[in-house]
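Trainee: Turn these sequences into a full structure, and let the hints steer you where they fit.
Keeping their order, the protein sequence lines are chains F and W. If you count by my numbering, then the first sequence holds residues 1 to 614, one letter each, in order. If you count by my numbering, then the second sequence holds residues 615 to 1228, one letter each, in order.
Simulated from the structure, these hints should not be mistaken for lab results. Cβ coordinates follow ideal geometry from the N, Cα and C atoms, glycine included. One should not assume that every hint holds.
[As the list claims (entries may be wrong)] Derived list of chain F stretches under chain W, where covered just means 3 residues or more per stretch with a C-beta under 8 Å from a C-beta of chain W:
hint, segment
1, 113 to 127
2, 192 to 200
3, 337 to 349
4, 401 to 408
2 protein chains.
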Amino acid sequence: METGQLEELGQQLRVDAVRAADAAGSGHPTSSMSAADLGGVLLAHHLRYDFERPGHPGNDRLVLSKGHASPLLYALYRAAGVIDEAELLTFRQDGSPLEGHPTPRLPWVDVATGSLGQGLPVGVGMALAGKRLDRLPYRVWVLCGDSEMAEGSVWEGAAQAAYERLDNLTLIVDVNRLGQRGPTREGWDLDTYARKLGAFGWHTIEVDGHDITAIDTAFQEAAATTDRPTAVIARTHKGRGVAEVEDQEGFHGKPLPHPERAVEELGGTRSVRIDVAKPSGTPTTTAPARTGGAATTPVSAPRYRAGDEVATRDAFGAALAALGSERDDVVALDGEVGDSTRADAFGKAHPDRYFEMYIAEQQLIATAVGMRARGYLPFATTFAAFLTRAHDFIRMAAVSGTGIQLCGSHAGVSIGQDGPSQMGLEDLAMMRAVHGSTVLYPCDANQTARLVHHMAGLPGIGYLRTSRGASPVLYGPDEDFPVGGSRVLRSGDADQVTVIGAGVTVHEALRAADLLAAEGIAVRVIDLYSVKPVDGGTLRQAADATGCLMTVEDHHPEGGIGDAVAEAFADGRPAPRLIRLAVRNMPASATPAEQLHHSGIDAASIAAGVRSLV
Amino acid sequence: METGQLEELGQQLRVDAVRAADAAGSGHPTSSMSAADLGGVLLAHHLRYDFERPGHPGNDRLVLSKGHASPLLYALYRAAGVIDEAELLTFRQDGSPLEGHPTPRLPWVDVATGSLGQGLPVGVGMALAGKRLDRLPYRVWVLCGDSEMAEGSVWEGAAQAAYERLDNLTLIVDVNRLGQRGPTREGWDLDTYARKLGAFGWHTIEVDGHDITAIDTAFQEAAATTDRPTAVIARTHKGRGVAEVEDQEGFHGKPLPHPERAVEELGGTRSVRIDVAKPSGTPTTTAPARTGGAATTPVSAPRYRAGDEVATRDAFGAALAALGSERDDVVALDGEVGDSTRADAFGKAHPDRYFEMYIAEQQLIATAVGMRARGYLPFATTFAAFLTRAHDFIRMAAVSGTGIQLCGSHAGVSIGQDGPSQMGLEDLAMMRAVHGSTVLYPCDANQTARLVHHMAGLPGIGYLRTSRGASPVLYGPDEDFPVGGSRVLRSGDADQVTVIGAGVTVHEALRAADLLAAEGIAVRVIDLYSVKPVDGGTLRQAADATGCLMTVEDHHPEGGIGDAVAEAFADGRPAPRLIRLAVRNMPASATPAEQLHHSGIDAASIAAGVRSLV
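Mentor: Below, the structure is given as structure tokens:
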């Protein structure tokens, strides 16, 4: 396409952004206008994408990290001929897939954006899949804003991309100098961005982001650069092309004040149509070809004998390694604690599908999201406490509707001496509140193995909470533990109270039941291994039989097992008496047994609680 | 002190780290040994600290970001003469303040560490207080590990420190090349660390971290460097001084295999005592002198008239500005959305106490923690959704036992068209589960103003959830809303159901009550503005009177108001019938009214729910 036509295309994209925001009465036209020339040249000359076949494994990926510039993205789709003018003008309306920030409700959007600083880390995950799993020549293009370069997650991604030599990744930085509330820290100082990215190992190119030829050349250079990722750092004007708003403060995130005049100033509406280049190779709408996924060392599903002492984290590692032998789409990601989470068992068996993300939990989750978008089944693992570092990425993964599997080890005070910084005491609250999540918390090695197997089939985000210390095996290796189930471990007609635990507190509950039985007090004990969804039926039965339920959890009192059980009775029907034991103190260093006692969740505390109830 | 003595000191610190971990049976001696010479030289020659007066405003601050190297810190305290040998050997034992990772249970520890990558961002907050609030010449020294340089938060802090020209800040990077599970990404490539930090605007010095003279010179150079922060990047050996473990993999986080032999190899126990230099100036144990804190523009407490339409975010901004006029210790921190959260009202009134953190939410919270440690009362503000980005920092602030105040705006689906990436739908779950937190959610402008006032007196972490859209003023400007309270807005003897809302759903509940009253169904309506602690007494009264409670919340069903109400009845007494309306869908773009309806939390949905119950 000629330069003049590309300039026309840029103006069309601006006009369409202005019109979409005007129709919606909200949105970010000025942030779209700064990047219009970058987007137009990319679409016309560089992106290889079969819009009729979004599942084509050879398609390039385009991630709009500055998701608020969605009008530009939708204008690009119109230019590509996959949405028409009428649909463009449904922007932000109820029922339209053209949301305020892009989501995969549109088939050409891989991941939801809108929380800034996430596009590059997720793009790194996709590019890593391209390089080391798919081994296909697609490129990943990430368009981000300059404000979001302040997010630490961008630098986690930048470091990982350079370390992995992702020359299939291009970051386009739209340096329009203006953030939401005023100038950015760096303004138009392109050199500073280039110096930073260069120091992180990137090839960098500085361009005038409104010079079509310069952009074109830069993208060519990016594609031709080997052995490292490239950043195209583009100086642009926010609101480019409309004098009233161009490079002016106070016009972020709102329609243009005079849209009709603006469209006129931009040269009116146009219908330039781009015939986007398709990738080579055989199209398919199914999962990508996997050439890096063969099981390298067959691992059998682990089996544990009743009475053995095994930590659930050990059982997790062994089960994940076995799952990797069964399915070649399983990948595992470590946050530099694989020897603690035991994810390294997978790494030893399947080194080609094991990825070290170092101590960068946002990148850990982002890589999972990116690889999932390429059709893999990622398990991301770190300490339960440190998953909080990636909360926003997990939240956004739910907005994407994606299914990634997480394991948090070292949960609760029962880790012992390391103290509260290492204890996951908020993770159940965090993971329960994630839309569409499944939250599992095993107490036994065979149960852990079975739950890992079930996680592979979950539609949404799954979370497995594991414990540091060994505990006795309670179940046989052939027993099943369906998601949404529970296990009644002690039960009798004379039960006066039901004690509900999960993980370490199941074992404390059983000990308490023994203590109480010796005193003639019968209690029912339920292993609530599925915290979400919760087994309402069994809980209701126990309530009907015993009248009183006591939850016991190695977690703060809010958002965990106590709340999950209460939710099961929030159905308008009469509710049982409920009481909860949980970690109400701020722990310090102590042995696991001392910790459980100080927090009032050990067998003695449970027994005392039951005595006070009966 | 002579070089030879400093070498002796380094060996003493190593011996003490080895002994402490041996006594504990756990801990990180090898990570302590790599940094022993750095720590010793710092203590002996550079740190200005009055150990008898930790509250002295002129004291330097030492933040051990690599908190797992706590044995080194405690060994330094022994060398400074503030703990003795017997106390050193209580390391990690129940009841000892010498925890596995340092916490402010020790008077010389300002903030808890142990979640990596947090020391520098928090140190930036302290140094910023020193420069722009205290205006005192203390220095902030942050000792971090090399593995944690992978955390994005380090680069958020690095950028902010350079932007603010914090020449009172020194980062010491202990590059021992070995992380937990093996080599770091960069190994001993000091140049790469220096290049990155240099590109971020730092002065950098590379040294042999076991060369006493070189370290000494580097610290002198750091202190003499003006106009920018300095990083001393030190090449060290993990486990230095004990051949069996020095620079070897497999010895992270465990006592030395042969501690007695190791102590012998290190030259045996010693009792070198350092007379640490004190800061100049008059000592005080109270809050620091504040020279930057005078109210610049007096702002009166806002008052709103019943019936006016005011957004709670607007009321928050006005109330915060007024609080800043009442108290000169209040500071406000913005995450580049101050025009949306309305924190910019404070910025306009008190520009000297308003700090722009750009789009870096981890740094936003870390600055609050650092400034709080210097005696200020920080309010950190961004969208409720984006506070999830800083979850781990909030969690660690609770471990520190610190009191910072947070405000999250744009909560819930009621923001409308922007879509789910911008909606806080998990924030109540996150904030309720924070140890010692207070969670407030006003529905009205006068209530907001009063709650902001109360937040200034909270001992722990406070959270205020505000809404984007305007809503009618319900309360008078002189009414009080104590923390832990609630308001019964509709009440009568014939009430059949109690509807409990907070924020936007209070208004929907009132509308539903009107609809139902017209049908002859009387409902009680409670405004549960204090979500934690929750007003159990009023809820129990309502339960006794109406038998059935319905919660309605603009939040996912887990961890929010429904759970908070359920918790109030988890006291073993008979519980009422409960039902909860909450956001169970994944929203898309739509108007606020459409959103409330689609999520089933508008007046019509509430009325329908009540009808099905009665």
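Trainee: Name the hints, by number, that the structure is in violation of.
Mentor: 4
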